[in-house]
Each structure stands twice: as C-alpha cells, then as structure tokens.
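Given chain A, put chain B in place with the hints provided.
Protein chains: 2
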Amino acid sequence: MNRKIILASKSPRRFELMKMAGFEFTVDSKNVEENHPKGMAPQLIPASLATKKAKAFLGELDDDTVVIGADTIVILDGVIYEKPNDREHAIEMLAALSGKMHEVVTGVCILSNKKEVVFSETTKVYFNPFTRAEIEYYVDNYKPFDKAGSYACQEWIGAIGIKKFDGDYFNVVGLPINRVYHEMKNF
Amino acid sequence: MNRKIILASKSPRRFELMKMAGFEFTVDSKNVEENHPKGMAPQLIPASLATKKAKAFLGELDDDTVVIGADTIVILDGVIYEKPNDREHAIEMLAALSGKMHEVVTGVCILSNKKEVVFSETTKVYFNPFTRAEIEYYVDNYKPFDKAGSYACQEWIGAIGIKKFDGDYFNVVGLPINRVYHEMKNF
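First to last, the sequence lines map onto chains A and B. Residue numbers 13 to 199, in my numbering, belong to the letters of the first sequence in order. Residue numbers 13 to 199, in my numbering, belong to the letters of the second sequence in order.
Looking at chain A on its own, in the form it has when it is part of the complex (with noise of 0.2 Å):
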C-alpha cells in the first residue's frame, strides 16, 4: 500500500497500540478547541472530538494520505470525566470511579481527501473500592493529568484496582485498535 497514515494524536499509548498493530504511520496534531455543542450526548462527544482532530488537517492532505484523530472519555453515571486539571481533581474523580463500573468511549475518525468513516466503542470497566491512601499514592506517584478519567489501566492502579473489562481492553487503553485495524483494511 502506498498511502500514508497519520495519527492525529500526542498521547504515547495510541503510538504504541498502532505499533502493536503493524501500522506504519507519523504522528503530527493541530490543537483544536476541545469543545462540543451543549447538550450532545456523552456518548457522542469522543467522535465529534476525533472528526475536529481530523478535520484540522483538511486542505493540507496529498490524496494517498489518511488521518486518524481519536478522542477518549470516561462516564460515570452519566456524567463525563475528561482530563483532571490537577492533583484535587484527579483524586476527586478517581473516588467517584471507585467501587463502581464506567465505561470508557473512544471515538475515532478516519479522513482522506475522499472518504470519512467515524465511529466510536464502548466499554465497560469495574474498579474495586479504592481507601483515600490508595487513591493519593496512584495519583502521586504516576501523575495521570494527562488521562481522561485520572488513571491508566496498564499502571500500578489497572493492576490492583480493574476487577473486570467487558469489550475491547485496548479501547481503555486509548484506541479501539482492533477495530481501527478492520477500518483500515476496508478504507
């Protein structure tokens, strides 16, 4: 195949996991304005997000090159859980999460000059009870400002703390790969 991949992404895990897959690609991002129209969905939200990471690089694409933008959130209860803002936040959300099941969403959007497939997977994570202690030392020692939902499931926290996955566990890990990997085949 002659096209050339780009992954619209900064985060280190999306790297990895279409590594894993085989892919050959670049990573490059535009900063968009991570916003959504009021009132969307939860669930919708990650693909809207991923198609504005996409789309940003509209108008600068040879017509073999494919972007890939990818957004990930967390929701609990309904209510969304993004990026922590620092340290109180972070512990704040990791103790909502705990004891309870969320899902986490990724959406993704796939964009050539020719053609746009979006789609986004869902799945179910179950953490067990976390103690105020366990919750300071993961957030103290591992720092996840930078993950949606305050945690990683491949840290020290996925370990001791996710009793269950139901769907795709690389999906929680930042892109639904596999699926990305069928995408890509028919695109």
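Just so you know, the hints here were simulated from the structure itself, not pulled from any lab data. Any given hint might turn out to be false.
Heads up, the list lumps identical chains together, so a pair's fine if it works in one copy or across two of them.
[What the hints assert, rightly or not] Subject to a maximum C-alpha distance of 27 Å in a straight line, what follows is the list of computed DSS-like cross-link-like pairs (lysine-lysine):
#: 1; residue 1: 16; residue 2: 175
#: 2; residue 1: 42; residue 2: 176
#: 3; residue 1: 22; residue 2: 67
#: 4; residue 1: 127; residue 2: 95
#: 5; residue 1: 67; residue 2: 50
#: 6; residue 1: 95; residue 2: 197
#: 7; residue 1: 112; residue 2: 176
Just so it is clear, the structure is predicted and the values come from calculations on it, not from any experiment.
Leaving out everything else, chain B in the frame of chain A:
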C-alpha cells in the same frame, strides 16, 4: 512487611504483572511434571498445576516466605489448549480459535509453611475470524511456542484479532493480578 515472595514461574509476562502491582519478589522455579489426574474437569487443571509448582518448594521455605505458583490454559468447546508442540500445532490451534469465543483460565496457588490459598480466574476472549495468511504471519513472526493457546494478547494478534474481553484482561496476559494483590493483602 518482612515477608519474602517467590514467584514460581519462568514467564516474563507474570514477572511484569507482579512488578506492575508493586510487589517485591524473586523468581525461582522447580521442574514439575505438568500432568493432572485423568478425567479432571478442564476448569480445575490450572489450579492443580499451580499448586504442584508452589508445593515443589515445601520443605525449603523459611516461615516468612510465600511462594506463588500459576498455570494458564485455554479452553475451547471443552477442549484444553496448552503450549503448542511446534509450528504446525500452533497454526492448528489458532485456526481452531479463529472466529470463536474461548476461555482463558489461570490457576494460582499462594503458599507458605502455615497457609495455602488456591483459586482460579476465567476470562472470556472473543476472536475475529483469521485468514490462514494472518495465522502464518503471526506464528512465523512472533513464535508463540511458550504460550498457552499459541498466542499472546499483548502482541499483534491481540491488536488485530480480539474483539472483546469479558473478565480480567491481565489474566489473559498470564496472571489475575488484581485477585493476587487482594489475596496477598489478606494472606
């Protein structure tokens, strides 16, 4: 805590999971015959082998040492898949798993001179259908000969081939680390 932990497994994946959960431990293992009573239900076999691996240390343990033994198998339609014998056997296994749900069962035995805890954890894994070319590409490039079921979910085949996990993802990697962590807390 003054106790010493021995991980009785040569698996580099179990080593990584124990590290991820923050354990300090050493690795040591004895050769045990990996057989089990005839007619034993597949679900019970990993716990039985894990116990064998841990009990091989009895008689040489200090009172403050804990041994962790583990064993993982794949079960498809009631049939057990362990490590493949060779390339052809690995290809055959993956062809059987293709397009189906299988169960990954890891048995764990935590043992000291005073106490023994044995449990097993099951995760359901849903595979996409694979082409013969995909299977051969994987086997020839990743050589999954030391892996139950002839695959590792954290490799290429996991990215492109697994639709869904139902249960503990890390159990499929090789150790139900969440359960191990909580059992060790109370051990």
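Each hint tested on the structure:
1. 16 to 175: Between copies only: 26 Å across, 39 Å inside.
2. 42 to 176: neither (35 Å within a copy, 32 Å between copies)
3. 22 to 67: Within one copy only: 16 Å inside a chain, 48 Å across chains, cut-off 27 Å.
4. 127 to 95: neither (30 Å within a copy, 44 Å between copies)
5. 67 to 50: within (20 Å within a copy, 61 Å between copies)
6. 95 to 197: neither (32 Å within a copy, 31 Å between copies)
7. 112 to 176: So residue 112 and residue 176 pass the 27 Å test inside a copy (11 Å) and across (20 Å) alike.
Checked against the numbered hints given earlier, this structure breaks hints 2, 4, 6; the rest are met.
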